[in-house]
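Chains as they are written, first to last, in the working numbering: chain L, 5 to 114; chain S, 26 to 145.
Please note that a few of the clues may not be correct.
In silico lysine-lysine, BS3-like type, Cα no more than 30 Å apart, as pairs [claimed, not checked]:
hint : chain 1 : residue 1 : chain 2 : residue 2
1    : L       : K48       : S       : K102
2    : L       : K48       : S       : K70
3    : L       : K51       : S       : K70
4    : L       : K72       : S       : K70
5    : L       : K59       : S       : K102
Think of the hints as simulated: they come from the structure by calculation, not from any bench.
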Amino acid sequence: QSALTQPASVSGSPGQSITISCTGTSSDVGSYNLVSWYQHYPGKAPKFMIYEVTKRPSGVSDRFSGSKSGNTASLTISGLQAEDEADYYCCSYAGSNTWVFGGGTKLTVL
Amino acid sequence: QLQLQESGPGLVKPSETLSLTCTVSGGSISSSSYHWVWIRQPPGKGLEWIGYIHYTGNTYYNPSLKSRVTISVDTSKNQFSLKLTSVTAADTAVYYCARYATPTAVFDYWGQGALVTVSS
């Protein structure tokens with residue numbers, strides 16, 4: 005069970021769109037539509053932004069969206085805002101009641 | 026509003042056992058719809074799922090940690106706990122407790138995290 009692969013960092017200017025990729029294998033991301041995304045400000049509790057690949061919980065801005073193709077899931081943030089600057093983690097079900105996270109991506113809003 | 030709070034020693038010696046407790050308030054731990062989770066984040070690294078427990082006592086662990094981990098639940102105190110044996114410096118991390126919601130397959134509530142340092 006290896007960590008999912010995310011880019012270490014991404015950046016964008018206010019108003020732009022960015023996409024964070026999350027690459028797994030056919031044993032996790034590729035097999036299950038159980039990918040979630042978490043926003044994490046250092047020193048704070050992580051907050052889930054997307055679940056079941058594409059679903060957005062109430063209270064989360066519709067600027068956040070999720071998708072998946074094959075073994076890679078993606079989080080897209082449109083209309084970037086300064087408050088979006090945080091670390092983002094993907095997570096996937098890996099079978100047999102186990103879960104695997106990505107290494108995290110630091111989003112910088114320029 | 027559900028709240029989770031980790032507690033336990035912030036410093037553990039190598040080869041000893043790390044013990045943490047998570048106290049759940051604002052809701053019952055005895056719900057069939059949820060599992061209670063431990064997740065950690067070593068300094069400068071990503072999140073790692075350690076394992077989770079259902080209030081009935083069913084437990085599931087990360088295969089890479091399974092030989093050293095025990096998660097237990099105390100429904101009378103609305104708490105669940107983590108024990109990690111034979112710790113090394115590699116176990117130094119911020120440890121989070123969280124709730125896993127079965128209907129949505131997501132970790133929907135998290136504690137603030139507790140830093141545990143393994144050092145002599």
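Hints, one by one, checked against the model:
no. : hint           : result
1   : L:K48 - S:K102 : holds, 25 Å
2   : L:K48 - S:K70  : holds, 16 Å
3   : L:K51 - S:K70  : holds, 18 Å
4   : L:K72 - S:K70  : holds, 24 Å
5   : L:K59 - S:K102 : violated, 34 Å
Violated hint: 5 only; the structure is consistent with all others.
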